[in-house]
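Peer 1: Residue numbers for the sequence shown follow full-length UniProt numbering, so the first one is 1 and each next one is one higher.
If you're looking for bench data, these hints aren't it; they were derived computationally from the structure.
Incorrect hints may have been included.
Claimed, not checked - Here are the simulated DSSO-like pairs of lysine-lysine, each with C-alpha atoms no more than 27 Å apart in a straight line: (1) 75 - 165; (2) 121 - 104; (3) 144 - 121; (4) 147 - 136; (5) 26 - 104; (6) 144 - 104; (7) 104 - 75; (8) 131 - 165; (9) 144 - 131; (10) 121 - 147; (11) 121 - 136; (12) 131 - 175; (13) 131 - 75; (14) 147 - 165; (15) 26 - 175; (16) 131 - 28; (17) 121 - 131; (18) 165 - 121; (19) 104 - 131; (20) 26 - 144; (21) 136 - 28; (22) 131 - 147; (23) 136 - 175; (24) 121 - 175; (25) 175 - 165; (26) 104 - 136; (27) 121 - 75.
Stated by the list, open to error - Pair ranges (Cβ atoms, derived): (28) 19 - 176: 14 to 22 Å; (29) 152 - 104: 23 to 31 Å; (30) 161 - 31: 39 to 47 Å; (31) 146 - 99: 41 to 49 Å.
A virtual CB, placed ideally from N, CA and C, is assigned to each residue, including glycine.
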Amino acid sequence: MAFISSKKEKKETKIITWDMMLLDAKDKNITLTPFDIYTYVNTFDNIEVIDDDLSSEISGMIEYIGDGFIITINKYHSYERRRFTLAHEFGHYCMHREYLIDNKSIKDVALFRSENTKNQKELEANEFAAKLLMPKDDFLNIIKSGKTRLGDIAEHFGVSAAAAKYRAYRLGLIKEY
């Protein structure tokens, strides 16, 4: 029996560097600011994104099933948080694919959201998401333009104030997170 996919025909994209990802996004006509993470991830033929009913302590997860990946995002979280979670899970896809293939899944639970987590994969995925959604040069330019309130910065990038604060901390602009 044949199945017809409702998605446009896609090709697998190999992302190796941030510059390659930016060029790939531009080639796919993806809005860069705020970065349209949902549209971009949906251009990958081996990733399916689902907003679903997850318990409150789970923001999202990525699973390897068959020959593809399913990213599930907690539909009850704010739009801004879902964007960061999707970028975080996409970070796992880009950086930890072999681990996922071997272990089948990674869940983003509340424990891993803290800067104090010792889980290296979670820290890397958080950093990936922050860089993707709030590029360093853009972040610094927004501050230079006079926007210094976290809420204004967060709104500009389509992320939560907590995510903007995390990025400011990681860039060394504030001392505490």
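Peer 1: What hints, given by number in increasing order, does this structure fail?
Peer 2: 3, 5, 6, 10, 15, 26, 28, 29, 30
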